[in-house]
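Participant: Below are the chains, spelled out letter by letter.
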Amino acid sequence: MSEALKIESCRKLYRDIVLGYSPVKNPRCFVKHLREIDLGSIESKSDAVLEEIKANGIHSEKEVLESLDKRGVWTKKNEEEYFGLIASIKDLEQERKKIVSRSQAEELLEIIAGRKRELQEIIIERSGHLRISSEFFLRKKFQQELMKISFFKDEDLKEPLYDQETFADLDYKDLIVLFEVFNEVSENLCELNIKKVSVTPAFLNTFSLCESDPYIFYGKPVTELTLHQLDLFNCGKLNKTILEQGNPPPENYEDLDKVVLWYDTEMSLLIGRIEKNKRDAAHQH
Amino acid sequence: MSLKFTWKFEVNKTQEVEKTEVEMRDGQEVKVVKKVKEKVPVKFAILKPGRGLKEEAEIFHAGLMNEYVINKGLMTRQQLIKRYANDGGSMSEPEKQRYAALLTVILKEEENLERIQLNLDNLSEEERTSKIQASTYVLISSRNELGDIISAQNNLYEHTAETKAEEKTIFWWCLKLAYTELNGTYVPFFGPGTIAERIAKYDEMEESEDLFSSEIIKKFIWYIGMWYSGRISTELDFQNVTEDNKSKPEMEEVKEKVIDKPSEEAKPLA
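Chains as they are written, first to last, in this note's numbering: chain A, 1 to 285; chain B, 1 to 270.
A few of these clues could be false.
To be verified - BS3-like, lysine-lysine: derived pairs with alpha carbons at most 30 Å apart:
| hint | chain 1 | residue 1 | chain 2 | residue 2 |
| --- | --- | --- | --- | --- |
| 1 | B | Lys96 | A | Lys173 |
| 2 | A | Lys54 | B | Lys164 |
| 3 | A | Lys70 | B | Lys82 |
| 4 | B | Lys108 | B | Lys96 |
| 5 | B | Lys72 | A | Lys77 |
| 6 | A | Lys54 | A | Lys158 |
| 7 | B | Lys54 | A | Lys62 |
| 8 | B | Lys108 | A | Lys173 |
Note that these hints are calculated values from the structure, not bench results.
Can you make the complete structure from the sequences, with help from the hints?
Facilitator: Below you can see the structure in the form of structure tokens.
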């Protein structure tokens, strides 16, 4: 029953991605999936907002970090360790994608989880120091703007859930509800879930008919596509390439994690083969 | 948009009011306007801030934190706690030793005083009085010194950037949230202008030595300070702290300076 639900959830998610919004029951509304240009229009205001914030005597993140370093509270060494840890996690995640053995992958996953826990502690301390920086307030404004443009009363995404004045006066607790709903929608549309949608026959069958053309698939120019639509389309292209290699994918779609893992593994092997061919060709020359 | 208030209160103000009385003078009815002192209730209110105002306050507070932390180099509470933890506590080694020594002295002296008071050593009355005086002196001075150490420990956190910024932010909130009723409408107590203009109004009130305004400002700061620290937020909380505070001198006792001699103005009836 629960396995069938997984596929069902994927179908619903696929529908939401194609339509470009997620319906929400409480509060009854529709959360618009954002496009690159939506984010761009918020960011275009950031310079003016930043100036306004700085006019209140609030320093930039860089200036706060310099001051913290001078006083030995959060030093350049701490900063290097912080960025070093982020880079090491990224490297390990890249490495994990290339690993074919399950036991090695699990071992690496444990190391990554440990580093992430370590990073979390550092992030808490670092962001605690930076709560007085102008960028902190800019991010806050940015998130609020996101909420303002994401919530609608109707499926056509024409009527905002709150007009300008009402939104400006919304209490924190109402705003937190919006943040929670937005995060829930975003988490549901995470990278793994989009990958799961991309391996389902419902998606792949349709995708195989679109000649890898997003306009044919979505009926819209690429600039009008949401970030999730683009992600799903890119996954589709990769999956199609993998299927063209001739290896049959698992037929049991009850465990979508396994199916996603199969596609990831096939992709790692394919990259490996391409890299090897490149090296061999270079060697021959 | 109609204003919402967290709390409304009334304070009686003793002020001169004009009272018209009809008197017979030289066989004629005349209206006599007398100025008499009377308690008049004045209404005040604390505005319920919306998110916009709360965010304005956050930015104001952050500006102060920048000033104290970056420009003036003050420590934050978190930094101070961490530093004390790294240094093995908020007391230096000699301070710790002195603290322990004082505690020992106090305990011993309390025992000693009890022994003298009970006269367990069969001292003469003269000796006993003298020893009681000496022991009491040691006890009081030791307790005072110990009190100073404890108070200094508490004060350590008074000089963090947060504490200084909070004090000014409470004052900022006071300028923004304090309202009073005028002709049936609630208006900002410090005027409707910008923060700078409201500060000027506050200064004007303080300089005028108007006791009533001074007391009202104190009352606003007290309520808003409690609200800011999170100790009170609902109407019921405000009600409770007001009840608890009733033992304090009543605001009604605050009186305006009034002209000693009531003036009289006689007007013949039209």
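Participant: The structure should be examined with respect to each hint, and the outcome stated for every one.
Facilitator: Checked hints:
1. Lys96/B / Lys173/A: violated (46 Å)
2. Lys54/A / Lys164/B: The given pair, whose Cα atoms are some 20 Å apart, holds under the 30 Å limit.
3. Lys70/A / Lys82/B: holds (17 Å)
4. Lys108/B / Lys96/B: Distance of about 18 Å is within 30 Å: holds.
5. Lys72/B / Lys77/A: The given pair, whose Cα atoms are some 24 Å apart, holds under the 30 Å limit.
6. Lys54/A / Lys158/A: violated (35 Å)
7. Lys54/B / Lys62/A: holds (26 Å)
8. Lys108/B / Lys173/A: violated (57 Å)
Violated hints, listed in ascending order, are 1, 6, 8; each of the other numbered hints is respected by the structure.
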